[in-house]
Amino acid sequence: GENVEQHPSTLSVQEGDSAVIKCTYSDSASNYFPWYKQELGKRPQLIIDIRSNVGEKKDQRIAVTLNKTAKHFSLHITETQPEDSAVYFCAASGPRNQGGKLIFGQGTELSVKP
Amino acid sequence: GAGVSQSPSNKVTEKGKDVELRCDPISGHTALYWYRQRLGQGLEFLIYFQGNSAPDKSGLPSDRFSAERTGESVSTLTIQRTQQEDSAVYLCASSRVSGRAEEQYFGPGTRLTVT
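Chains as they are written, first to last, in my numbering: chain V, 448 to 561; chain D, 89 to 203.
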């Protein structure tokens with residue numbers, strides 16, 4: 448089945464710097480790759496997603512890139528702010544016959560120091 | 089509109105007891121998912137209800153775990169004979185359609201502590 452690896456597990460940056468989180472997946476049939484942000488004690492919330500028919504997607508300070516050949520995708524946050532501090536999870540969809548099932552990475556704890 | 093809700097928010101139980109966790113998805117969402125999140129860990133898939141199709145139970149860790157869903161509404165996750173390793177936050181999520189991966193909306197979770 449699908450396996451998703453996420454790195455790094457922790458990341459500390461200075462306010463204003465960029466942060467990059469990387470994920471790899473194992474199933475070449477995966478076609479949907481969301482990123483979720485989970486603040487301490489709160490529920491995960493979608494921040495950006497990408498489908499396999501595009502290579503990059505941007506939304507203000509965040510962007511996601513996808514390399515289908517290498518089976519990896521990355522989250523880029525520019526001009527980081529203290530409120531970006533949270534745990535970020537990547538995910539990949541399962542095979543087509545498993546519908547909307549998502550397999551999540553282990554998470555990256557991002558700390559933005561003022 | 090109302091988001092995904094879960095109850096109870098916290099549950100403390102003794103080892104060996106059964107527990108039942110409830111999830112109310114967003115109205116009209118046909119897909120519903122249960123995940124387990126141990127402290128400091130990622131989201132572990134448990135089960136997926138997809139409209140009228142048979143549920144995907146491939147993530148249930150043992151036969152002590154079961155889940156039901158009534159039509160396209162409420163779902164309950166039951167853990168029988170609870171063990172200390174069952175202690176975790178159990179998250180429910182729903183999405184608009186089945187059969188296609190898209191945004192999942194999460195509930196606030198139920199924190200289960202087995203003593």
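Hints should not be assumed to be uniformly reliable.
[Stated by the list, open to error] Covered stretches of chain V (in silico footprint by chain D; criterion: 3 or more residues with CB under 8 Å from a CB of chain D, positions within the stretch not fixed):
#1 472–482
#2 491–500
#3 549–556
[Unchecked claim] Only pairs whose alpha carbons sit at most 25 Å apart, straight line, appear in this in silico SDA-like list of lysine to any residue:
#4 Lys489(V) - Gln129(D)
#5 Lys504(V) - Val107(D)
#6 Lys145(D) - Lys469(V)
#7 Lys560(V) - Thr525(V)
#8 Lys560(V) - Arg508(V)
#9 Lys99(D) - Gly139(D)
#10 Lys489(V) - Asp151(D)
#11 Lys489(V) - Gln125(D)
#12 Lys489(V) - Arg169(D)
#13 Lys469(V) - Val107(D)
#14 Lys145(D) - Thr525(V)
#15 Lys484(V) - Ser175(D)
#16 Lys504(V) - Glu102(D)
#17 Lys103(D) - Gln125(D)
[Said to hold, decoys possible] One-sided and incomplete, this derived list gives chain D residues near chain V with beta-carbon spacing under 8 Å:
#18 Leu127
#19 Leu131
#20 Ser186
#21 Pro196
What the hints contain is simulated information worked out from the structure, not anything from laboratory work. Note that the Cβ used here is the ideal one computed from N, Cα and C, for glycine as well.
**Request:** Tell me, in ascending order, the numbers of any earlier hints that this structure violates.
**Result:** Hints 5, 6, 9, 10, 12, 13, 14, 16 and 18 are the ones this structure does not satisfy, whereas the remaining hints hold.
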